[in-house]
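Colleague: Chain residues, written in single-letter form:
There are 2 protein chains.
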Amino acid sequence: MSRASLLPPPEVPRITLESARCRERVVLEGISPALDGGRHPVKRFLGETLEVGADIFKDGHDLVAARVLWRAPGAESFEEQPLAYDFEADRWTASLPLDRVGRWAFCVEGWPDRFRTFREELKKRVDAGQDAAPELLEGARLLRARASADPGGAAATLRSAAARLADEAAPVEARLEAAFDHELLRATWGPHAAHDLVRSAVYEVVVDRTIARFSAWYELFPRSQSPVEGRHGTFQDVEARLPELAELGFDVLYLPPIHPIGRAHRKGRNNAPVARPGDVGSPWAIGAVEGGHTAVCPELGTLGDFEHLVRAARDHGLEIALDYALQCAPDHPWVEEHPEWFHVRADGTIRHAENPPKKYEDIVPFDFWCADRERLWEACRDILLFWIQRGVRIFRVDNPHTKPLAFWEWCLAEVQARHPEVVFLSEAFTRPKRMLALAKLGFTTSYTYFTWKNTREELEPFLEEYARPPVTEYYRPHFFANTPDILHEYLQRGGRNAFRIRLLLAGTLVPVYGIYSGFELCDATPVREESEEYLDSEKYELKTLRREAPGDVREDVRRLNLVRREHPALQHLGNLRLLAHDSPHLLAYWRSFPGDELLVAVNLDPREPAEAFVEVPIEALGIAPEQPYVVEDLLTGERWTWRGAKGWVRLDPKERVGHVLRVHVPEPA
Amino acid sequence: MSRASLLPPPEVPRITLESARCRERVVLEGISPALDGGRHPVKRFLGETLEVGADIFKDGHDLVAARVLWRAPGAESFEEQPLAYDFEADRWTASLPLDRVGRWAFCVEGWPDRFRTFREELKKRVDAGQDAAPELLEGARLLRARASADPGGAAATLRSAAARLADEAAPVEARLEAAFDHELLRATWGPHAAHDLVRSAVYEVVVDRTIARFSAWYELFPRSQSPVEGRHGTFQDVEARLPELAELGFDVLYLPPIHPIGRAHRKGRNNAPVARPGDVGSPWAIGAVEGGHTAVCPELGTLGDFEHLVRAARDHGLEIALDYALQCAPDHPWVEEHPEWFHVRADGTIRHAENPPKKYEDIVPFDFWCADRERLWEACRDILLFWIQRGVRIFRVDNPHTKPLAFWEWCLAEVQARHPEVVFLSEAFTRPKRMLALAKLGFTTSYTYFTWKNTREELEPFLEEYARPPVTEYYRPHFFANTPDILHEYLQRGGRNAFRIRLLLAGTLVPVYGIYSGFELCDATPVREESEEYLDSEKYELKTLRREAPGDVREDVRRLNLVRREHPALQHLGNLRLLAHDSPHLLAYWRSFPGDELLVAVNLDPREPAEAFVEVPIEALGIAPEQPYVVEDLLTGERWTWRGAKGWVRLDPKERVGHVLRVHVPEPA
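Protein chains in written order, with the working numbering: chain A, 8 to 676; chain B, 8 to 676.
It cannot be assumed that every hint is accurate.
Same chains, same label: a pair holds when it works inside one copy or across any pair of copies.
Dumping the calculated DSSO-like pairs for lysine-lysine here, alpha-carbon to alpha-carbon at most 30 Å [what the hints assert, rightly or not]:
#1 Lys366 <-> Lys546
#2 Lys366 <-> Lys661
#3 Lys653 <-> Lys365
#4 Lys550 <-> Lys366
#5 Lys661 <-> Lys550
#6 Lys365 <-> Lys460
#7 Lys661 <-> Lys460
#8 Lys130 <-> Lys653
#9 Lys440 <-> Lys365
#10 Lys550 <-> Lys365
Note that these hints are calculated values from the structure, not bench results. Quick caveat: nothing in here was measured; it's all calculated off a predicted structure.
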């Protein structure tokens with residue numbers, strides 16, 4: 008084994024009399040929020056409050072004091088705020104309003120509160136009738152020492168107070184009055200000397216903007232937006248759809264890659280290994296003679312057209328999200344310009360993508376650990392900066408789990424240091440710890456396994472995974488109901504109601520959800536049995552725009568998005584609670600926000616009715632057991648009066664697939 | 008506020024392309040066991056196994072490999088052991104047998120398993136009928152690169168294997184055979200280059216000897232051991248008691264301070280502020296003209312007598328625990344020799360101990376932060392080393408929470424680095440976080456609030472505090488049933504049965520428990536109403552030896568200690584589970600060990616019978632619902648046959664205060 012030759016032996020720290028730990032007057036521990044001991048930032052959203060907590064104490068009976076130092080994004084220096092002590096919890100806390108997007112930093116400092124300790128003890132002595140005079144000399148000494156250690160600011164005040172305390176000619180009452188002066192207490196706040204001050208490590212907090220907390224996404228292929236059969240869709244065609252998508256209530260319009268598509272080894276329709284003449288190829292095979300990741304596919308229009316689309320979307324209250332797929336078609340310009348960025352095989356050829364025995368010959372991956380790593384990583388970052396210059400602020404990142412985790416930590420931080428408002432959505436479907444790691448390392452939001460969770464048995468544990476700390480500190484799930492790669496069997500077989508059910512779940516279980524176009528039209532035909540791929544997928548061919556279809560669920564989409572916008576309970580993470588009931592076919596959950604209490608019940612069976620008495624947390628709401636209360640279905644406007652801790656729900660798919668019930672909490676009986 | 012002038016502003020680390028994180032090929036996280044992210048060691052006992060776990064992964068489909076590096080106490084260098092991968096849990100683990108007492112260190116290393124990845128992919132290609140020849144060249148390149156990076160050991164093997172793989176003249180089958188050679192796989196195990204290797208921080212584990220895990224303690228004042236009234240007891244008198252204490256089943260004999268007792272401001276009987284002639288003073292007022300912390304009180308005997316006692320105790324299977332009380336009487340030699348080690352007040356006097364308005368004039372505390380801190384701390388450490396030289400290996404530390412936490416971390420580590428077998432018991436009664444902090448910082452075992460927890464309502468949450476991680480990683484409770492300072496009202500008023508109840512609880516709830524002499528004789532008279540102090544406490548006066556008393560509970564003690572020694576379930580921490588039942592007066596719990604399943608039920612009411620159906624975890628034991636099983640009371644030898652998941656318990660204090668039932672698990676029905 009070659010350990011010895013590769014790295015020096017591990018070092019085990021030893022505590023010596025000289026080491027910093029041996030000088031710590033107070034203990035600081037249990038600092039929150041902190042993820043993996045501060046290795047990663049925790050995440051919050053704009054407008055939230057950061058609740059800082061710490062355990063701070065010392066030996067003996069002395070009082071301690073503490074403060075939080077914090078630095079807002081972009082600020083030059085740290086500000087400070089005292090920490091308050093909660094005696095019951097034996098914990099120090101402070102609240103910091105997060106009023107700016109970006110990376111915040113904080114640390115905690117604690118010190119023995121020497122003068123306040125003196126003052127409290129003096130009070131006890133006086134109350135017990137003891138002679139205070141010797142103690143007043145001690146207090147004066149303390150004040151003088153403090154004045155020397157901190158010559159600025161209050162030093163003069165401290166010296167003059169010391170003189171009054173030590174004035175043995177004056178009556179003790181006057182000296183005590185000086186000692187108990189409230190202004191003096193304020194002037195002595197803070198550590199008396201550097202050796203008294205203990206500082207924690209620095210912890211970081213990433214604050215993201217609201218669209219990352221709450222948004223409805225719509226995914227479409229620009230080239231399929233032409234209303235004329237056979238004509239390649241353009242950015243202008245996408246613009247034409249904006250009013251409709253805005254009216255349906257979407258916030259983000261996500262476009263798969265818009266770059267020139269490689270011609271070498273281009274895939275044909277339905278992923279055929281060889282393209283036929285006229286086949287348009289997969290947009291994820293990025294780069295051709297027309298350019299690479301910073302060019303647009305000429306058939307879609309010009310860069311100017313794209314910028315126009317970004318502005319037009321904004322005018323309609325929509326943001327454009329771009330795909331960021333770090334891979335190249337074999338004819339991407341970089342393959343020739345920078346062969347050193349790719350894996351050159353022993354036989355001199357450049358390795359295409361593969362997951363043996365599968366081969367993806369229309370794509371070549373970067374060798375992220377090549378000798379020219381630093382230039383390659385910068386070039387990858389610069390792609391993002393290029394599109395940010397063109398107005399893009401949201402990136403959906405393709406398969407991040409197949410690129411180094413260290414790259415993501417660096418790249419996302421680099422971009423957000425300059426543009427903290429940028430949002431990154433991780434499209435990783437891999438083992439849970441890797442998905443979580445990507446979120447820890449910087450992704451703002453993340454795809455999930457939601458598409459594959461359809462039964463109560465599957466959904467409940469899945470949802471609970473997101474609800475437990477520390478996952479809640481950094482992982483924000485994005486529930487896509489379908490994607491160009493995932494048409495789940497449940498949708499294939501469940502008919503229109505399956506779409507309505509999945510839509511309702513996606514939009515009411517989490518604040519950020521999305522559909523891929525065709526979902527609202529109930530497109531449900533797979534390329535073959537047991538495949539989750541669409542038949543004649545637009546990943547590989549041109550389509551003609553369809554806006555409606557018989558039995559489409561567009562009205563469900565519109566209504567759902569409207570209800571979401573009107574109800575803060577649906578706009579925040581971390582307020583979901585599963586409700587008890589005894590039907591295997593229902594999913595019932597509570598979404599709570601001050602003044603907005605919602606009970607959602609969804610029948611997971613698209614065909615048969617489901618019914619149950621569902622738990623209502625009336626005690627938490629302050630509703631008495633016998634007190635009637637009104638529940639109002641936000642989807643239909645219907646109202647019922649309930650009583651007690653169980654509500655009867657019957658969902659017949661012929662009528663409806665679910666309730667979104669607002670519980671009108673009555674005045675206390 | 009004076010922050011700027013005291014410390015430089017906090018530094019926020021930034022990830023650059025050059026930083027170490029940007030070079031990490033694999034992610035290492037979630038390493039266990041780790042306490043506060045590795046800030047403190049976790050604790051184990053000799054003979055246990057350390058289960059190391061880690062999450063280790065990289066991007067893409069490549070395999071990773073990992074190992075743990077570990078160093079045993081006293082060893083010069085680290086050893087290594089591969090980590091094994093559990094696919095279900097997606098976790099890497101290794102078990103290290105902890106066969107030596109002291110401070111262990113470990114870290115984890117991970118790297119991409121390049122050759123195994125190549126080999127697995129090659130197999131898939133071959134199975135799919137693809138041309139393997141180009142891949143064999145890749146494999147050869149990998150082997151050559153590895154040989155260059157690691158020129159020792161297997162380099163020759165690797166180069167010759169590379170030649171076989173790359174031999175284009177040879178049949179592909181022969182080249183494949185070379186690639187799949189099992190010895191070759193072994194030879195390639197390990198990182199291929201330093202840049203592939205990611206190493207975790209170093210974590211530590213303190214392994215303590217068995218007496219810290221399992222022991223029964225007896226506390227006595229040597230000066231009270233004289234059988235002749237009015238004569239000062241001696242170490243020889245203590246020796247005379249050893250056979251009896253060994254027969255009662257004790258393992259540790261704990262002595263309050265044995266040093267010369269100060270005469271200045273000596274306390275009188277019943278803590279009178281002024282001593283009368285002949286009053287012996289409190290042993291905790293350490294130091295007089297005869298010497299300080301390294302001297303013995305002349306009335307007890309000589310240092311040689313003490314050493315003789317230590318050896319005699321060992322011969323009887325007992326260890327002596329000494330009190331370590333870091334405080335001085337005003338006439339302790341150090342007060343004159345080292346006035347700089349104490350707090351000199353503004354009026355030139357040395358400050359005595361106080362907690363205003365209370366004054367403890369017979370004691371002066373050290374100023375642990377004095378200018379000569381380093382010499383003082385070393386002098387304090389040297390007290391321990393002195394007694395260790397005289398054979399002491401257990402110290403009961405008086406009031407550690409009134410000395411700096413940083414001192415303890417340094418001092419205990421210093422001593423255990425030289426004498427890892429030394430055990431430190433923390434006598435801190437303070438707020439829970441401080442008690443826990445002392446344990447984290449190095450105390451082997453700790454006093455608890457047990458004496459004040461007497462009802463089911465008090466006991467159950469108290470017991471659960473110790474059962475939750477991470478407390479289980481470092482806090483080992485020691486349950487004293489009484490102490491010279493704590494005669495709880497429950498014992499004062501409950502009569503003999505109260506003593507039997509508390510004894511049974513202490514000895515069966517945790518593996519380390521103790522009594523202070525007089526408990527077994529049911530001494531129950533407080534100095535006054537609402538005081539927990541004993542009347543005529545031997546803290547302040549000479550007593551004459553009493554071995555027995557009418558209605559004493561010595562037989563209970565003997566029987567309990569015997570049962571404890573015979574039953575491993577009572578010898579380990581972390582195997583306690585509270586059992587459900589509906590009596591407010593019963594406490595019922597399970598103690599489990601492979602082959603030793605115990606159900607303990609105690610009636611907490613010393614007067615009235617209590618009864619309940621107590622939960623029996625038959626399912627976990629593999630007992631069928633209708634299957635009969637025998638329970639045997641280890642205190643009396645009685646046997647009953649039970650059936651089902653509830654056992655009927657009725658405890659009438661006239662007959663018994665509790666059961667310790669061994670559940671004889673029958674063969675599966």
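Colleague: A separate judgement is required for each hint: does it hold in the structure or not?
Modeller: Evaluated hints:
1. Lys366 <-> Lys546: Only inside one copy: lysine 366 and lysine 546 sit 18 Å apart there, 84 Å across copies, limit 30 Å.
2. Lys366 <-> Lys661: Classified as neither: same-chain Cα gap 46 Å, cross-chain 82 Å, threshold 30 Å.
3. Lys653 <-> Lys365: neither (53 Å within a copy, 59 Å between copies)
4. Lys550 <-> Lys366: within (27 Å within a copy, 90 Å between copies)
5. Lys661 <-> Lys550: neither (33 Å within a copy, 90 Å between copies)
6. Lys365 <-> Lys460: The answer is within: 27 Å in one copy meets 30 Å, while 66 Å across copies does not.
7. Lys661 <-> Lys460: within (23 Å within a copy, 61 Å between copies)
8. Lys130 <-> Lys653: The answer is neither: 57 Å in one copy and 59 Å across copies each exceed 30 Å.
9. Lys440 <-> Lys365: within (25 Å within a copy, 57 Å between copies)
10. Lys550 <-> Lys365: within (28 Å within a copy, 88 Å between copies)
Hint compliance for this structure: hints 2, 3, 5, 8 are broken, all remaining hints hold.
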